[in-house]
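There are 4 protein chains.
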Amino acid sequence: MYDKEIRELKEKVLEANLELYKSNLVFFTFGNVSGVNRQRNLVAIKPSGVDYKKLSLKNMVIVNLDGKILTSGLNPSSDTKTHLVLYNSFSEIGGVAHTHSRFATILAQALNSASCLGTTHADYFYGEIPCTQIISDEAIEKDYEHETGILIKNTFSERNIDYKEMKACLVASHGPFTWGKDPAEAVFISKVLEEVSLQNFYTRLINPQKKSMKKTLIDRHYFRKHGKNAYYGQK
Amino acid sequence: MYDKEIRELKEKVLEANLELYKSNLVFFTFGNVSGVNRQRNLVAIKPSGVDYKKLSLKNMVIVNLDGKILTSGLNPSSDTKTHLVLYNSFSEIGGVAHTHSRFATILAQALNSASCLGTTHADYFYGEIPCTQIISDEAIEKDYEHETGILIKNTFSERNIDYKEMKACLVASHGPFTWGKDPAEAVFISKVLEEVSLQNFYTRLINPQKKSMKKTLIDRHYFRKHGKNAYYGQK
Amino acid sequence: MYDKEIRELKEKVLEANLELYKSNLVFFTFGNVSGVNRQRNLVAIKPSGVDYKKLSLKNMVIVNLDGKILTSGLNPSSDTKTHLVLYNSFSEIGGVAHTHSRFATILAQALNSASCLGTTHADYFYGEIPCTQIISDEAIEKDYEHETGILIKNTFSERNIDYKEMKACLVASHGPFTWGKDPAEAVFISKVLEEVSLQNFYTRLINPQKKSMKKTLIDRHYFRKHGKNAYYGQK
Amino acid sequence: MYDKEIRELKEKVLEANLELYKSNLVFFTFGNVSGVNRQRNLVAIKPSGVDYKKLSLKNMVIVNLDGKILTSGLNPSSDTKTHLVLYNSFSEIGGVAHTHSRFATILAQALNSASCLGTTHADYFYGEIPCTQIISDEAIEKDYEHETGILIKNTFSERNIDYKEMKACLVASHGPFTWGKDPAEAVFISKVLEEVSLQNFYTRLINPQKKSMKKTLIDRHYFRKHGKNAYYGQK
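Protein chains in written order, with the numbering used here: chain A, 2 to 236; chain B, 2 to 236; chain C, 2 to 236; chain D, 2 to 236.
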């Protein structure tokens, strides 16, 4: 199954996992990044429980979008099924990342969505970063990691959140998942999410009544960087 | 437009931007520093959205004090108009810096001015570091970055704050702007502001009723370092 | 008393102490790790008050399980008797670590057990990480370090906690002890404990009413990594 | 005035200042360490406002215990008179350090003494680390830095605190001073003070009602390391 496209996918996923590790968002073997090749319905993902320092092109695992493992040897990340639900639900994403980054996890443990309290937040996330409901006992008993993906998907559909404008979700009691057009963007969003979560946490700690910024200011900042009228950065 | 003065201005601004980056006050491409040449009404500033690691003399952007871009190629920082209002309003400053540094931003998000709670604060900032009102919808819709500068200017004039004794302002829901006699001082003030903001935050967290230090003690510390009777440091 | 087994034990203990030091869980000369050779009833442990940078195979101290010092020269860690009670009480452990790591110590000082608030916790600790009662005056006066071990042992037996599923204890007003199958695992658990303690602390700070996660979710995560049905990692 | 004793004193003071800088307890030019030669009533101290990276034997300043500057060139630290009061009041100390270290300063700004909440504290500080009253207007106007020293001295005598068992004082609204048998110990105490202050801060944040540990436990830990019955470390 070795070919150029697969190799390129593995390279992107390997690089994104290493970037995740360097960014201090993961501890030990926690966390994982995957990437998808949409033409071929293939996903490359970190192997389960392997030390980041030992990651290489060779131990990246390939699965198809139904979860079938296509490489021999190592098991994929135990969170693989969650990634697959996200690829199947959010049709235009190309990469998914999962971390236990400190303040995103703390917000998830505290069951707190992160309302938009500042322009740093609005620059990257359009409105409140949602925290899911607590997963049901039924879902835990059934197919836990698959159901975690369904929980994220349902949170977005029930609350009418557009996954292209909100590339992160806090899973209650668990931690964050992020995504983007490719594995590198998923990791970048994980990094921004952690800083935004930290600033959200401390802002609410000193001012518990603080409500979201007004919509006009969120719009100004988000659309300064996104969409056809964006004017941040270079053409 | 290449000449020695422009080159020197660009050098100072480049160096100050790199110092800002090294000081861990900015994340990703956030933040920017500018400097002015008052004789020629020219401002050098960081280009918008460019990675700090890729900054060079060549990509520094020159604008005049009316906002006209005089170099070809890159767009200036999206916050350029805010900088220009500050240069036009505060006639003796030579440099401006903007960051999303952690605790200054958190205070700004929490809509909290930083009252003077300790001598570290009083050594550099004469009294309360102001946080602006929330920017009006009208100002957001009009010319947002220009209006942000006006907001800072008005905060200082309405509250009778001297920009030479208070070289920082927290913009509500947004983050800090700082200034000084040159770009290097603007960055230095950003660094002190961050530490002072952090200490202010934690002091109020453990003692929410804590009021400002008394004026006699603020005066003693501020004027130990500033003005004609200063006795800190070497002659 | 020099022989191969002793040398191997000392090597493991030295390496684990150095790892503890590198992990930033100890300050100055605080903290210590030991290991046991069960066949020979011998324990190797860090010498008391010696700088981590000066540790070597030569200055590791050997004691038997009754506390008799068998090497000449240096005194063993002042906490040695606590370690010995743990080896004598928890029959299958092979290593013990003691730190003053920041947030584990803060929880112990605040007299707070760490209830299970997230999956990161449940991945490594099966339920609430216990904090002991405050040690009695009688125990302090008698044989303090021995009694500290007894306190941990009694906490586990009175609360029906299995030391194989809960490899850490917070000693009230003091700090954490951890253990594992060998000195390296004891240190690894110290590291996870610190991160979990930090996340527990901040979660409760922002949501003081937060109760433990439900048992179904704890079970799912703990047994995903432990026991005969574990499916995390590689076979 | 160059001779061997002076040179040795300067060397100790230089080294202690550099150690202070490396320990991240000072920002910019804040903070200072001095040492005394009791036979000759001479004190060596950091020059005022000089960057730590530019410190050398040559720019250490020598003053006598009455405050007369005996070296030519640089002014001594603006806090010199505070140091001198401490040398004149606490007859057996050999070094003094002053920092704006983060959590010691935060406690001082919050006007909080640090009661003894854990064994880490009791290992180095015998009981509550005192925070002074706010300095009077009269003292501020008169001879501020001298009066700061008097404030510390009076705090210790009024509260019957032994400066040999409590080598630190938090000056209200200002920050910590520490001392020891030589400049190196003063710096060491500054480092321990910062960690103990941080742990004190967070313990009280999560458990505001937390009272001091009981005296029996303080005694056990303090005298395990200090005095004629100490059994920590090596003989």
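In case anyone wonders, no lab produced these hints; they're calculated from the structure. Any given hint could turn out to be false.
Partner residues are not named here, just some residues of chain B that face chain D (Cβ under 8 Å, in silico) [stated by the list, open to error]:
#1 112
#2 116
#3 119
#4 120
#5 121
#6 207
#7 212
#8 224
#9 225
#10 229
#11 230
Now the in silico label distances, taken between C-beta atoms and shown as ranges [said to hold, decoys possible]:
#12 52/C - 58/D: 19 to 29 Å
#13 209/C - 53/B: 13 to 23 Å
#14 6/A - 142/B: 44 to 54 Å
#15 209/C - 163/D: 34 to 44 Å
#16 232/B - 52/D: 17 to 27 Å
#17 19/C - 5/B: 47 to 57 Å
#18 166/B - 93/D: 22 to 32 Å
#19 5/B - 213/A: 44 to 54 Å
Cut-off 30 Å, straight-line C-alpha distance, at most; resulting in silico cross-link-like pairs (DSS-like, lysine-lysine) [to be verified]:
#20 59/B - 82/B
#21 226/B - 59/D
#22 82/D - 55/C
Idealized CB from N, CA, C, for every residue including glycine.
Hint check results:
1. 112: violated (21 Å)
2. 116: violated (11 Å)
3. 119: Nearest chain D Cβ about 4 Å off; hint holds.
4. 120: Holds, because the Cβ-Cβ distance from residue 120/B to chain D comes to roughly 5 Å (cut-off 8 Å).
5. 121: This hint holds: residue 121/B lies near chain D, its Cβ roughly 5 Å from the closest one there, short of 8 Å.
6. 207: OK, holds: residue 207/B within 8 Å of chain D, min 5 Å.
7. 212: At about 11 Å, which exceeds the 8 Å cut-off, the nearest Cβ of chain D leaves the hint on residue 212/B violated.
8. 224: Interface hint status for residue 224/B: violated (11 Å vs cutoff 8 Å).
9. 225: Holds. Min distance 6 Å.
10. 229: violated (16 Å)
11. 230: violated (12 Å)
12. 52/C - 58/D: 19 to 29 Å: Given a distance of about 27 Å, which is inside 19 to 29 Å, the answer is holds.
13. 209/C - 53/B: 13 to 23 Å: Since residue 209/C and residue 53/B have Cβ atoms about 40 Å apart, the given range 13 to 23 Å is violated.
14. 6/A - 142/B: 44 to 54 Å: holds (47 Å)
15. 209/C - 163/D: 34 to 44 Å: Holds: the Cβ-Cβ distance is about 39 Å, inside 34 to 44 Å.
16. 232/B - 52/D: 17 to 27 Å: Holds, at about 18 Å.
17. 19/C - 5/B: 47 to 57 Å: Taking Cβ atoms as reference, residue 19/C and residue 5/B lie about 56 Å apart, which means the hint holds.
18. 166/B - 93/D: 22 to 32 Å: violated (44 Å)
19. 5/B - 213/A: 44 to 54 Å: holds (50 Å)
20. 59/B - 82/B: holds (21 Å)
21. 226/B - 59/D: Cα-Cα ~24 Å, so holds.
22. 82/D - 55/C: violated (39 Å)
Against the hints set out earlier in the document, violations occur for numbers 1, 2, 7, 8, 10, 11, 13, 18 and 22.
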